[in-house]
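K.L.:
Here is how the chains run, residue by residue.
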Amino acid sequence: MKWLDGLTVKSSRHLAQSTSRRSLLTKLGMFAVGTAASIPLLPVARASGTGGPGYPGVAPQTSGLPGDPGDPTQCEYWRYCAIDGFLCSCCGGTQNSCPPGTEMSPLTWIGTCLNPADGKNYIISYNDCCGKTSCGRCLCNRNERDTPTYRVQTNNDTNWCLGTESTVYTCSTGVVLGVALDQGAP
Amino acid sequence: MKWLDGLTVKSSRHLAQSTSRRSLLTKLGMFAVGTAASIPLLPVARASGTGGPGYPGVAPQTSGLPGDPGDPTQCEYWRYCAIDGFLCSCCGGTQNSCPPGTEMSPLTWIGTCLNPADGKNYIISYNDCCGKTSCGRCLCNRNERDTPTYRVQTNNDTNWCLGTESTVYTCSTGVVLGVALDQGAP
Amino acid sequence: MKNKAFGCIYSLCIGAVALAQTVNAELAAENIPNVERLSAPYSENLLYVHDGDFESIVAGKVVLLDVAASSHNYKGALDAAQFPSFIASKRKDELYVAETFYSRGTRGERTDVLTIYDKYSLKPVAEIPLPGGKRGMTVTHRYTMQLIDDDKYLLLFNFTPAASIMLIDLQSREILNEVFIPGCSLAYPTGERGFSSLCGNGSMFSAQFDKKGRVTHQEKLQPFFSVAKDPLFDKPVYVGANAYFPSYKGQLYPVDLSGKTPQPKTPWSLLSAEEETANWRPGGWQIATVDDEGLIYVLMHKDGLDGSHKGGGSEVWVYEPSTQKRLKKITLRNWGVSVEVTGGKTQYLVVTNADMQLDVYKANSGEWLKMIGDVAAMPFSLHAIR
Amino acid sequence: MKNKAFGCIYSLCIGAVALAQTVNAELAAENIPNVERLSAPYSENLLYVHDGDFESIVAGKVVLLDVAASSHNYKGALDAAQFPSFIASKRKDELYVAETFYSRGTRGERTDVLTIYDKYSLKPVAEIPLPGGKRGMTVTHRYTMQLIDDDKYLLLFNFTPAASIMLIDLQSREILNEVFIPGCSLAYPTGERGFSSLCGNGSMFSAQFDKKGRVTHQEKLQPFFSVAKDPLFDKPVYVGANAYFPSYKGQLYPVDLSGKTPQPKTPWSLLSAEEETANWRPGGWQIATVDDEGLIYVLMHKDGLDGSHKGGGSEVWVYEPSTQKRLKKITLRNWGVSVEVTGGKTQYLVVTNADMQLDVYKANSGEWLKMIGDVAAMPFSLHAIR
Chain A
28 MKWLDGLTVK
38 SSRHLAQSTS
48 RRSLLTKLGM
58 FAVGTAASIP
68 LLPVARASGT
78 GGPGYPGVAP
88 QTSGLPGDPG
98 DPTQCEYWRY
108 CAIDGFLCSC
118 CGGTQNSCPP
128 GTEMSPLTWI
138 GTCLNPADGK
148 NYIISYNDCC
158 GKTSCGRCLC
168 NRNERDTPTY
178 RVQTNNDTNW
188 CLGTESTVYT
198 CSTGVVLGVA
208 LDQGAP
Chain B
28 MKWLDGLTVK
38 SSRHLAQSTS
48 RRSLLTKLGM
58 FAVGTAASIP
68 LLPVARASGT
78 GGPGYPGVAP
88 QTSGLPGDPG
98 DPTQCEYWRY
108 CAIDGFLCSC
118 CGGTQNSCPP
128 GTEMSPLTWI
138 GTCLNPADGK
148 NYIISYNDCC
158 GKTSCGRCLC
168 NRNERDTPTY
178 RVQTNNDTNW
188 CLGTESTVYT
198 CSTGVVLGVA
208 LDQGAP
Chain C
4 MKNKAFGCIY
14 SLCIGAVALA
24 QTVNAELAAE
34 NIPNVERLSA
44 PYSENLLYVH
54 DGDFESIVAG
64 KVVLLDVAAS
74 SHNYKGALDA
84 AQFPSFIASK
94 RKDELYVAET
104 FYSRGTRGER
114 TDVLTIYDKY
124 SLKPVAEIPL
134 PGGKRGMTVT
144 HRYTMQLIDD
154 DKYLLLFNFT
164 PAASIMLIDL
174 QSREILNEVF
184 IPGCSLAYPT
194 GERGFSSLCG
204 NGSMFSAQFD
214 KKGRVTHQEK
224 LQPFFSVAKD
234 PLFDKPVYVG
244 ANAYFPSYKG
254 QLYPVDLSGK
264 TPQPKTPWSL
274 LSAEEETANW
284 RPGGWQIATV
294 DDEGLIYVLM
304 HKDGLDGSHK
314 GGGSEVWVYE
324 PSTQKRLKKI
334 TLRNWGVSVE
344 VTGGKTQYLV
354 VTNADMQLDV
364 YKANSGEWLK
374 MIGDVAAMPF
384 SLHAIR
Chain D
4 MKNKAFGCIY
14 SLCIGAVALA
24 QTVNAELAAE
34 NIPNVERLSA
44 PYSENLLYVH
54 DGDFESIVAG
64 KVVLLDVAAS
74 SHNYKGALDA
84 AQFPSFIASK
94 RKDELYVAET
104 FYSRGTRGER
114 TDVLTIYDKY
124 SLKPVAEIPL
134 PGGKRGMTVT
144 HRYTMQLIDD
154 DKYLLLFNFT
164 PAASIMLIDL
174 QSREILNEVF
184 IPGCSLAYPT
194 GERGFSSLCG
204 NGSMFSAQFD
214 KKGRVTHQEK
224 LQPFFSVAKD
234 PLFDKPVYVG
244 ANAYFPSYKG
254 QLYPVDLSGK
264 TPQPKTPWSL
274 LSAEEETANW
284 RPGGWQIATV
294 DDEGLIYVLM
304 HKDGLDGSHK
314 GGGSEVWVYE
324 PSTQKRLKKI
334 TLRNWGVSVE
344 VTGGKTQYLV
354 VTNADMQLDV
364 YKANSGEWLK
374 MIGDVAAMPF
384 SLHAIR
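Protein chains in written order, with my numbering: chain A, 28 to 213; chain B, 28 to 213; chain C, 4 to 389; chain D, 4 to 389.
Just so you know, these hints were derived from the structure itself, not from any lab. Beta carbons: idealized from backbone N, C-alpha and C, even for Gly. Careful: at least some of the hints might be erroneous.
[Said to hold, decoys possible] Beta-carbon label-pair distances, calculated as ranges:
no., chain 1, residue 1, chain 2, residue 2, range
1, D, A244, B, G94, 34 to 44 Å
2, C, E112, A, P133, 15 to 25 Å
3, D, E370, C, R40, 56 to 66 Å
4, C, T349, B, G94, 27 to 37 Å
5, C, L330, D, S74, 51 to 61 Å
6, C, T349, B, E192, 54 to 64 Å
7, C, Q225, A, L208, 26 to 36 Å
8, D, Y241, C, A165, 48 to 58 Å
9, D, K215, C, E112, 26 to 36 Å
10, C, E177, D, K215, 37 to 47 Å
11, C, S73, D, Q225, 51 to 61 Å
12, C, E112, D, E177, 17 to 27 Å
13, D, S275, B, A144, 37 to 47 Å
Starting from the given sequences, assemble the full structure and let the hints guide the process.
P.N.:
Rendered as structure tokens:
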């Protein structure tokens, strides 16, 4: 749901852009780089690495791993190609760990994302972190290879806080499981 | 808390002004009419009747009562001189009634507001409506004669959903109790 | 009240009220308490706006909105917690919310219930406990909960991740049965008293119940679409007993759900050759809807590609399914995300825009009429009365 | 798991992981589950950001924020529901949240508890039930809950509207006593083991407890300020055992709270004659704070008048209480609403701005350093470690 990215909801209510780069239009413009002007919000533009400077007031990070380029606090980060939710990297966790006090869901949906560093497709497991109220920071939605609920293992609309003590959703990670067998959907 | 008016919270996150008159700056500018430029958001400006067109996408109302001027969906409406919360007029209620399914609190805080129609000060009872989650529409805060919690009967920071089945706050009304004895604080 | 300081509120109020009666006040003292009640019948232009608020999923709501009224559009709201499901009865004065609570808000003991609201007071009047902690939670989706057989029975989707459909008798308020649907999802009303589900292999599962809730028929169809090449959206629109499923790439798949066995019909394209070249595709959240005449409205975007299917669109295209003809294109004033058409004499196309505000258009002309603001944080699902 | 379709998730994953080890993948498979834990000691620049989110009061939170870190500022969060109170122990590894739940989210049976969190896991480790449904609820306010006597006891404000202060023993985790404070409000730590409250007639109530929680002393002072003419804000700052209460019109009222009887001292003005003429006044939500040197920071606005006291301000003025001198004026980059100064080697002035974002300044120079974004919907109350 590309209209989600950067748009944090209530934000759609009386919206300020006074002091910072918080205008939705600005954000949209930023993401429009490299994609057709007719789809101002195209999420895939982010995956292409042409994304902008990320969420205002969120300090950049790296995963620290060689061969893992990009900033895990940005929606454009390569692992997030099918993510839907708040980035744990902005919430007290990292790209592959949950914030303190939450529980990582053992059940997840799966994405297949291209790592620009080695040109390989990786299987990414979007383990949700559960048990505290929505983080509310760095809302990001991308839908590469996302399928509807009837192929649920690649569906990101499902609340994947399952098998956890609480089903309350806090934020989402993108954990590397390994290189994909082929380029196709799992 | 003047920074509350018009600003609906999450709104402070990535904020749009793209398609409508929803810029906070615009709103602030609007309310600045008639007041010193150094306080861009001065709530009292609203009471002065110089307010702007209200909350975007909220249709105007009248109370229908002779001698009761103004629009109860606007923060500037005279009865709201010490209100703090979501206007029930925007939430399924009116200036003096609660939305369906909520319960009106029997305990309230009190304001003393000048009715511009007759030049008289009225005692206004800000009965909260309780039992459903925050309405989220038409957040308005004005603090004329508001006192701290130690003089609680004129304090609007208190959750006045008291004596109700649930203390969960939904929205606020401004009920006319009668003309004030004098201009002073109660 | 033990607190002397508070007595003064009342003495003050009483004093003030008494005074108001003596000093020739313009405005009389007003009644307390004073709570609104919705009047019957509902406006035909009423829309249930289901808030999919990500920021506070445990505290969501469904707003009742009269999109045609010149004022007081917002009629009230129901609470709906933790990826809830909502549906309104058309036959009874009841609204249904399936929801989940924790004893400590976000943690503690889990309780799932079906809450039944009175349509006019908007108060909960009954609750059916949902045992097993299995209620399916997804971003607000109409087909997680459906009514069948003149609203006498309710279908509810479970997901643990074992998927099943529960059948609830709304008269006795009992759970009658639970049918497991491995590899399938959601409940599309089917036949006299049954449902179908789409399945991960491109097929459909279908079941029928008798009045006691016993399964009288169930079957799994042969695959009729390719999930790998062109998945169907799991959000069809119904014209009578025919469900129309748009596909990611702009085909429309009709499935006749009038009998016990679903009958997939030949799909047809929503696109001209040029439109296909320009990669026009359906996209958004509630991507399609239907009006009283059975015309189908689909939210479309250009330059579609893998991953653009939830991105919303700039235009709404209107089709007559009987002739497979497109009747018109409505260019939206603002980028759209979800669409619905209200019923009644004048039908309104309501579009959740990218700013999460609701744009109201005349359905027949496509003329933009107004924006209704701040109705919900994330008005993802819009339910007209139809 | 009964659902065959789901098995494939795992077989897929296992297959993929195995593969990753054979095809010379750049990135290795990562550990699941993986949950962060805060390390001891906390950063001295940590700030507890209490979200007063009006939109979803039943689903609030307290965010732990390292304002000095160059990345990973947001360290985690605690839930805090329904006009909650929050305080962190400085002596023990515990954080406290007083909160209220309903069995059906917004309705049903009420449960009030004091939840005790472990500082490093951010998990609730204990809960003290608060009987009577009397917990005081107000827009987030530090003085609804306080720690005394080396954090051995906790004071909690009740309001029904009968006002009282509860004394809780944090070692035995028992409620020891409840003192009614008719016409008064909140709890300001006082003396060896007690509290004071401001009262509606401009006076102060004060009480002392012994170690068993029995009241050993209580008294009500004579009025020392005029609520009608110039109310004191109910949000003082402490320098040692002296509490400083700013007034609406810019006077500062010191009250020595070191002994069992509060000692109000002569108030002094925060304003020059010209500033008074220009109606400079304190205003905002958390209007004042103090740094490690005991300097007092007050958020100020010009052209103040009746009703402007919660409006925030454009400048922060810094005072040395011992000399009653103003040391400097900091002109804010953005209109401010709440202020706090973090402790430690480099102290930071953090200001909640009108867009509800946090501006970070160097406290000593007033230099703006950065904005930390989207930490909370409404970061009204900021608690430094001090």
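K.L.:
Indicate, hint by hint, whether the structure satisfies it.
P.N.:
Hints, verified against the model:
1. Checking the proposed 34 to 44 Å range against A244 of chain D and G94 of chain B shows it is violated: the Cβ atoms sit about 55 Å from each other.
2. At roughly 21 Å, the beta-carbon separation of E112 of chain C and P133 of chain A lies within the given 15 to 25 Å, and the hint holds.
3. The given range of 56 to 66 Å is respected by E370 of chain D and R40 of chain C, whose C-beta atoms sit roughly 58 Å from each other.
4. Judged by the Cβ atoms, the range 27 to 37 Å given for T349 of chain C and G94 of chain B holds: they are separated by roughly 36 Å.
5. In this structure the supplied range 51 to 61 Å holds for L330 of chain C paired with S74 of chain D, their Cβ-Cβ distance being about 54 Å.
6. Roughly 40 Å separates the CB atoms of T349 of chain C and E192 of chain B, a value that falls outside the hinted 54 to 64 Å.
7. Take Q225 of chain C and L208 of chain A: their Cβ atoms lie about 27 Å apart, and the range 26 to 36 Å holds.
8. Separation of Y241 of chain D from A165 of chain C is about 57 Å and conforms to the stated range, judged on CB atoms against 48 to 58 Å.
9. The hint said 26 to 36 Å for the Cβ distance between K215 of chain D and E112 of chain C, and at roughly 35 Å that hint holds.
10. The beta-carbon spacing between E177 of chain C and K215 of chain D, approximately 55 Å, falls outside the hinted interval of 37 to 47 Å.
11. The hint said 51 to 61 Å for the Cβ distance between S73 of chain C and Q225 of chain D, and at roughly 59 Å that hint holds.
12. Distance hint check: the CB atoms of E112 of chain C and E177 of chain D are about 24 Å apart, consistent with the given range 17 to 27 Å.
13. Distance hint check for S275 of chain D and A144 of chain B: the Cβ-Cβ separation is about 41 Å, which falls inside the suggested range of 37 to 47 Å.
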